[in-house]
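For the record, the sequence lines run as chains A and B. Mapping of the first sequence onto our numbering: residues 1 to 108, in sequence order. Mapping of the second sequence onto our numbering: residues 109 to 222, in sequence order.
Note that these hints are calculated values from the structure, not bench results. Glycine residues also receive a C-beta, built at the ideal position from the N, C-alpha and C atoms. Worth double-checking, as some hints may not be accurate.
[As the list claims (entries may be wrong)] Examples of chain A residues toward chain B, derived with CB under 8 Å:
id : residue
1  : MET48
2  : PRO95
3  : LEU96
[Unchecked claim] Simulated pairs of lysine-lysine, DSBU-like, Cα-Cα distance not exceeding 30 Å:
id : chain 1 : residue 1 : chain 2 : residue 2
4  : B       : LYS165    : A       : LYS1
5  : B       : LYS119    : B       : LYS165
6  : A       : LYS53     : A       : LYS68
7  : A       : LYS100    : B       : LYS122
8  : A       : LYS1      : A       : LYS68
9  : A       : LYS100    : B       : LYS119
10 : B       : LYS179    : B       : LYS119
11 : A       : LYS54     : A       : LYS1
12 : B       : LYS165    : A       : LYS68
13 : B       : LYS179    : B       : LYS165
14 : A       : LYS68     : A       : LYS55
15 : A       : LYS100    : B       : LYS165
16 : A       : LYS1      : A       : LYS100
17 : A       : LYS100    : A       : LYS68
[To be verified] Derived list of chain A stretches under chain B, where covered just means 3 residues or more per stretch with a C-beta under 8 Å from a C-beta of chain B:
id : region
18 : 30 to 42
19 : 97 to 108
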Amino acid sequence: KNEVEQSPQNLTAQEGEFITINCSYSVGISALHWLQQHPGGGIVSLFMLSSGKKKHGRLIATINIQEKHSSLHITASHPRDSAVYICAVTAGNTPLVFGKGTRLSVIA
Amino acid sequence: DTGVSQNPRHKITKRGQNVTFRCDPISEHNRLYWYRQTLGQGPEFLTYFQNEAQLEKSRLLSDRFSAERPKGSFSTLEIQRTEQGDSAMYLCASRSDWGDYGYTFGSGTRLTVV
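Turn these sequences into a full structure, and let the hints steer you where they fit.
The structure is reproduced here in structure tokens:
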């Protein structure tokens with residue numbers, strides 16, 4: 001079974017700071033997902049990656065398949081970015097295996 | 109399509125009672141997944157369906173848990189004889205084997221067993 005580790009577990013940043021959240025996994029995958037979860041539980045899919053880099057607004061996600069590592073970056077962070085960010089991986093049609101999440105608080 | 113819908117949003121039940129949750133996936137999505145999430149943890153896989161067929165069940169899914177997806181549309185997750193350890197957020201997600209393969213999650217059902 002794939003083991004997914006995220007770091008840091010908790011992160012507090014000042015508004016405007018550049019933020020990086022890391023994810024590593026133990027077994028080869030076909031896709032890695034970055035998800036956002038706000039209080040109340042709903043999960044929103046941010047990115048699905050199998051290689052390289054993707055950008056959406058102030059969010060950037062990268063993946064290094066050889067090193068089994070991915071990063072999620074947030075530029076010019078804002079208090080509305082405060083949420084739990086979760087990394088999840090899958091191989092083919094296997095169910096997602098999730099990390100424990102990184103709790104981000106951005107202070108104005 | 110309004111996304112993945114889960115009902116109820118919250119459920120409080122007494123220990124020993126049975127509860128049933130419903131998930132309505134995006135209509136074009138043939139795969140449907142159930143996950144359970146406890147406080148401070150990432151979601152854990154429970155079971156999933158491809159159309160109406162239940163393809164995999166986690167060892168977390170004891171014999172008190174049963175899931176169905178009649179006709180490959182909505183799905184139900186039933187927990188019999190609830191225990192306090194069943195208190196968690198139950199999440200449903202769906203995806204398609206065609207297109208972008210992305211997952212869409214519901215808002216979850218938060219179960220509290222008292």
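Do the hints match the structure? See the list:
1. Restraint check, MET48 of chain A versus chain B: the minimum CB separation of about 5 Å is within 8 Å; hint holds.
2. With its C-beta approaching chain B no nearer than about 4 Å, PRO95 of chain A sits inside the 8 Å limit, and its interface hint holds.
3. Below 8 Å, beta-carbon pairs count as interface contacts, and LEU96 of chain A has one with chain B at about 7 Å; its hint therefore holds.
4. Restraint check: the Cα-Cα separation between LYS165 of chain B and LYS1 of chain A comes to about 14 Å, which is no more than 30 Å; the hinted pair holds.
5. Pair hint LYS119 of chain B plus LYS165 of chain B holds up; C-alpha atoms about 23 Å apart against a cutoff of 30 Å.
6. Restraint check for LYS53 of chain A and LYS68 of chain A: satisfied, since their Cα atoms lie roughly 14 Å apart, inside the 30 Å limit.
7. Under the criterion of a C-alpha separation no larger than 30 Å, the hint pairing LYS100 of chain A with LYS122 of chain B is consistent with the structure, at around 29 Å.
8. Of the supplied pair hints, the one linking LYS1 of chain A and LYS68 of chain A holds, its CA atoms being roughly 14 Å apart against a limit of 30 Å.
9. Restraint check: the Cα-Cα separation between LYS100 of chain A and LYS119 of chain B comes to about 24 Å, which is no more than 30 Å; the hinted pair holds.
10. A hinted pair counts as satisfied when its Cα atoms are at most 30 Å apart, and LYS179 of chain B with LYS119 of chain B qualifies at roughly 26 Å.
11. Between LYS54 of chain A and LYS1 of chain A the alpha-carbon distance is near 27 Å, which keeps this suggested pair within the 30 Å criterion.
12. For the given pair, LYS165 of chain B sits about 27 Å from LYS68 of chain A by alpha-carbon distance, which is consistent with the 30 Å threshold.
13. For the suggested pair LYS179 of chain B and LYS165 of chain B, the alpha carbons sit about 19 Å apart, so the restraint of at most 30 Å is met.
14. Our distance criterion of 30 Å between C-alpha atoms is met by LYS68 of chain A and LYS55 of chain A, whose separation comes to about 20 Å.
15. Distance hint between LYS100 of chain A and LYS165 of chain B is fulfilled; the C-alpha atoms sit about 21 Å from each other, no more than 30 Å.
16. With a CA separation close to 15 Å, the supplied pair LYS1 of chain A and LYS100 of chain A stays within the 30 Å bound.
17. A threshold of 30 Å between alpha carbons decides the hint, and for LYS100 of chain A with LYS68 of chain A the separation of about 17 Å falls inside it, so the pair holds.
18. Look at the region 30 to 42 of chain A against chain B: 6 of its residues bring a Cβ nearer than 8 Å to a Cβ of that chain, three or more, so the hint holds.
19. By the rule of at least three residues with a Cβ nearer than 8 Å to a Cβ of chain B, the coverage given for the region 97 to 108 of chain A holds, with 5 such residues.
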